[in-house]
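Participant: Now for the letters of each chain:
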Amino acid sequence: MTQDDLTIADPKMKAEGVNVFYGEKQAINNVSIDVGTDLVTAFIGPSGCGKSTFLRSLNRMNDTVASAKVTGRIELDGEDIYAPSMDVVQLRARVGMVFQKPNPFPKSIYDNVGYGPRIHGLAPTKADLDVIVERALVRAGLWDEVKDRLLESGTALSGGQQQRLCIARAIAVDPEVILMDEPCSALDPIATAKIEELIHELRGKFAIVIVTHNMQQAARVSQRTAFFHLGTLVEYGKTTDIFTNPKQERTKDYITGRYG
Amino acid sequence: MTFNAAALLLLIAGLALIGWIAGRQRSNLLAGRAGTKLHSRPQYHGWYVALWLFAPAALFLAVWSSVSPGLITNEVLTDEAAQSLPSFGFERGAILSDARSVALGKQDAVRLPAAAPLVQPYADAAHKYAWIGIAAMLALALAGGLYAFTRIKPDFRARTRVERIVMAVLLLASLVAILTTFGIVLSLLFESIRFFQLVSPLELLFGTNWAPQSGAPVDDTFGGIPLFWGTVLIGAIIAMIVAIPIGMMTAVYLTQYAAPVVRRWVKPILEILAGVPTVVYGYFAALTVAPALREFAVMLGIPNASTESALAAGIVMGVMIIPFVSSMADDSINAVPQAMRDGSLALGATPNETIRQVLIPAALPGVMGGILLAVSRAIGETMIVVMAAGLSANLTSNPFASVTTVTAQIVKLLTGDQEFDSAKTLAAFALGLVLFVVTLLLNIAALRIVKKYREAYE
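In the order they appear, the protein sequences are chains F and V. Here the first sequence stands for residues 620 to 879, numbered as in my numbering. Here the second sequence stands for residues 96 to 553, numbered as in my numbering.
If we strip away everything but chain V, and leave its shape as in the complex, we get (with noise of 0.2 Å):
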């Protein structure tokens, strides 16, 4: 006998099945005889019934699944056959597994001969567990579908209650996307701290020099600059000069000019385009954009012209911004009152002078939030920047140049063969820090002002 959890939960989902039909069954007697109303419908009652029954037995599955492995290994470790196992170390937790696997059936003998002693008592202790579990869980089934079984009456408010639950449930869903970004902050800001114990916050935010090594760190050698001044040009500078005209142009002639047929067609286009894998970018970048311009470059006589340029990086990101860019402003320019181009052209206005000096003013603080998204968006875009921008830390302002970025250096960090607590793999978490931070506050000042842009026209 094991714990199976998934058959469990069948087991559980069936009996609230039975609690949903006997809670209607007796309400509908209820209902039935003389005189009596029922405050709700009968489904309701059966609803309470069945939640009360599954909710408090599913919760408690949930956390004996996770609590049991805990308590079945240490009742095999009290056991006097566990004794003699190493006291610590890889090699007490390799027995133990062993041993657990061939108790549980998923392999047929043992590897490890110190293992063979401790099968019997973790099948004991599997087994027993197992039925403390079974028994707790299928008790609190029944407790909870027989109070609210006997709570069923002709004026018992089922529905009240059945949309409290939901709304619980709702909330509940709600709160795990919230609580995992606080959680990713935590191991980021845990990891962060660790890193800033070997190496001080001022040399990561203010050094120069970018040259982490293996092993102790190395004094001036974590100096950031260099990546994110590579960031801000790519991200913040070329793909913002790339971005911005052609994606106000867009938005100005989808929502001005564009016949509505164009309009149905150009606008599902573009998103198309924003949702194409940066990968893909990536490989545009590097392949087709970068060559093209190191010769480009070399026949203008640049110095330092690479086939991994910031300029190349910047505007394949750029372009890859262009949608989200035209779809913010064309949102902005459309939430522009029709009242206001009205009244620019019953002055006699063009089409032209309105749109340059009414709507795109009128719109332009909810173009700025666009803008600060997709820069946010861009800073933080990693692929076409590892494969198109390189892996040396310049600090240049050649476009032409090769350049690498906060993301580029973290991927560059985190892969190969590290040790998971050496200066240089931590300083990946600092850096993830450092973006997820100014990403934070891009996002948040873009949401005020789209937000303060709304309310002065609703």
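Excised from the complex, chain F in its bound form (with noise of 0.2 Å):
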């Protein structure tokens, strides 16, 4: 793999030689990747390469798999994300998530908002999490639509707004990365582009991961693009690079539409 032209100065994230199992089959071999700052990093590959299972244990949540272990490095800020000392509650505000299937909970959409913050002792008074809650709404670009029904379900949205209100619910609670797991796969084409255009509009607020099986998504949305295949990282570089000029055979087979 060659890297010499995209060293990430102060990377936000930063994995090394990163093995996950799950009981005795490896799912990740080897992986070492920075996440920049002010980037949208995407993650292509085909079904069951791994990149959803790297996603998760940038926030920890393959914790919640009891056969899951990770080996390696992965470092927040220069921090060891695995080690005893960190906080796996501290992690996850700072590292936030948004999932395949959009998955508000069965609370009114300002409630779906105002839950992390809660949590998280962001917003002391009502007053506060008004704010709160209408500046996520609007960074998400959903205030316009549910402004007059704040109190209706989270669930009687359309699956796009659902998309965008897990959106809205994970940068309320103001993290610093945000990793999207497939965000638009549920989703159809107009709300898709909704998505991609909010990516676009919260570039340079949060540093984002977005798995994507769409290439050409990532070649829309994304700064720097990662390939993996069969659990390992084939290629990482800059998107333009990967789709127009790849390195590796397999890249380019992935991508010109050979396998996948």
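One should not assume that every hint holds.
[To be verified] Looking from chain V toward chain F, a few residues come up when the C-beta cut is under 7 Å (computed):
1) 434
2) 441
3) 442
4) 443
5) 444
6) 447
7) 448
8) 455
9) 457
10) 459
In short, the hints are calculated from the structure, not lab data. A virtual CB, placed ideally from N, CA and C, is assigned to each residue, including glycine.
Since each chain comes alone in its own frame, lean on the hints to assemble the complex.
Facilitator: See below:
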């Protein structure tokens, strides 16, 4: 793997020699990667290549799977997130996540967004919470659509709106990194376009890592692209380079549709 | 020659077997001819013949078994010897049954002299009807078998027919439970109507004095309120105060925290607890819990503390209901999608916050349904309250006092020497009807809630 032209001076997250095991099975093999602060990083690759598994190890969501084990080192601002001193609750407040299928809580729109700030004590008064909720919904591009029905259930929204609600919910706790696990795979093209637009707008405010099946999407939204295959990181580089001038044969085969 | 239904059933089953073989044989023969292709495999032809042979004959057998004794008696009554019988009542019945027993060889000699001349006519009639029955049954079996046998042709759709018959049998089986329930409701209803002719329904539902006496109904003694209150106090209040928190906490522990090994052991143990006969809980309530509670109450200086108390019955009933609540809550919490839990954890919520603020609210409709089902079970529970709650109809909110419940009173009303048509006995049916309606409504409400909630996640 060549990496000479993409040294990131001050990476937000840094993974070194990461392996992930599910019981006996190794899902991720020796992956090292830097995630830049002001960049959107896309993970692409065929189904089962480990890109989602790797994403979930960045905020220790794999901890919820009893058989999962992570070795190697993953840093957030230079701090080892798997160190015993790291509080996983704090970590996840700093590294938020948006899932493949929109998963709003069966609560009102307001309470969905207010949930994180409440549990982290970010809003001492109701007025503070109102401000946080509005700001998050505005940033997620949902405010105009829902401002008159904040007390309606979040599950009553359309799929695309639900996903933007989940993004609002994630940014309401003011994370530093947002991980997105195929956020558009359950959405129609118009809702997908809105999410992609949103990712553009959020770039620079949060470090964003997005897993996607859709290579055009990776090309549209990201500045860095990592191609995973069979649990290994095959190639990582500037998105334009990966799509126009891939160095590895396997990457070329994948993006030209030879397999996947 | 007597009519032995079991032997005859065996006989037609044997005939059906022969029919099966014959039907299969014939279709095999047909299939053997050049250029013919059977629509159905030979077994189906065999089954078709066997079913046609067996089903009508068996049905006839069932009907004949229940009808023929009446026909025989009618025949005997037309005999000259029967003209001297007393015209009605027990005596007439006793003489007839005595004669029947001798005629059918169940006893050696008549006990009542008046029965002696009837023995021979009885034997003759029984003989005659037995032969008629057997002949008709065999004729039906053979007719059915032949009909089916002659229909066997290569393109005959025996498989479709057999499957249709099987379906009809299954439908019939499923109707049994439903029709039985219907019958129970009707019998309850008719007895209740008889009661309500004696005592106004309003008195039963809203009266506050419960002191039923034997004999003619006395005004204002069939007031059900003390019983309903006792039932609610024990089954819906005390038992639920015990069962809901403990059951919920059990479910939360088992679904969220317990290691798989613990879960594998604890769940079956809880299920065993649900299968303990309620009379055992009753002993525990009456012999252990109730005396201890009484001492405790006396120590606190609470008046009216009794060895039979609502609290003892309610607590033990609550313990009995715990597995029920925990298993319903367990199912509901497990039915909340994993994505919901992940969503909360990914926001930096602790497992505890996730459970309290996301999982339980999301599971609440299902849990509510489970609680309603548990209440409906608790108020219908009998043994514990009979043994531990007492029988005195007190309208009191003191949980240490003795109260009584609908089920305990039903037991009291129906046991002992009672005339079966006195208001006191009939009151038991009316109470049963009230209980049935209430539990039915609770169950319907619970199932609707649970169903609605399931739809939300599927």
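Participant: Under 7 Å, Cβ to Cβ, is where residue 455 of chain V needs to be relative to chain F, so tell me if that hint holds or is violated.
Facilitator: violated, 11 Å
Participant: Hey, does the residue 457 of chain V contact hint survive, CB to chain F under 7 Å?
Facilitator: holds, 5 Å
Participant: Please check whether residue 444 of chain V passes as an interface residue: C-beta within 7 Å of a C-beta belonging to chain F.
Facilitator: At 5 Å from the nearest chain F Cβ, residue 444 of chain V passes the 7 Å test, so the hint holds.
Participant: Would the hint on residue 448 of chain V stand, with a C-beta cut-off of 7 Å toward chain F?
Facilitator: It holds, given that the least Cβ distance between residue 448 of chain V and chain F is near 5 Å, below 7 Å.
Participant: Identify whether the interface hint at residue 442 of chain V stands, where standing means a beta carbon of chain F within less than 7 Å of its own.
Facilitator: Given a least distance of 4 Å, the restraint on residue 442 of chain V holds.
Participant: Given residue 434 of chain V as an interface hint, is its Cβ closer than 7 Å to any Cβ of chain F?
Facilitator: Holds. Min distance 4 Å.
Participant: So, as I understand it, the hint says residue 443 of chain V touches chain F; can you test that by seeing if any CB pair is closer than 7 Å?
Facilitator: At 3 Å from the nearest chain F Cβ, residue 443 of chain V passes the 7 Å test, so the hint holds.
Participant: Was the hint right that residue 447 of chain V lines chain F, CB cutoff 7 Å?
Facilitator: violated, 10 Å
Participant: So, as I understand it, the hint says residue 441 of chain V touches chain F; can you test that by seeing if any CB pair is closer than 7 Å?
Facilitator: Holds - the Cβ of residue 441 of chain V comes within 7 Å of chain F, reaching about 4 Å at its closest.
Participant: Tell me if the interface restraint on residue 459 of chain V is satisfied: Cβ within less than 7 Å of some Cβ in chain F.
Facilitator: violated, 9 Å
In the structure shown, a violation is registered for the earlier hints numbered 6, 8, 10, in ascending order.
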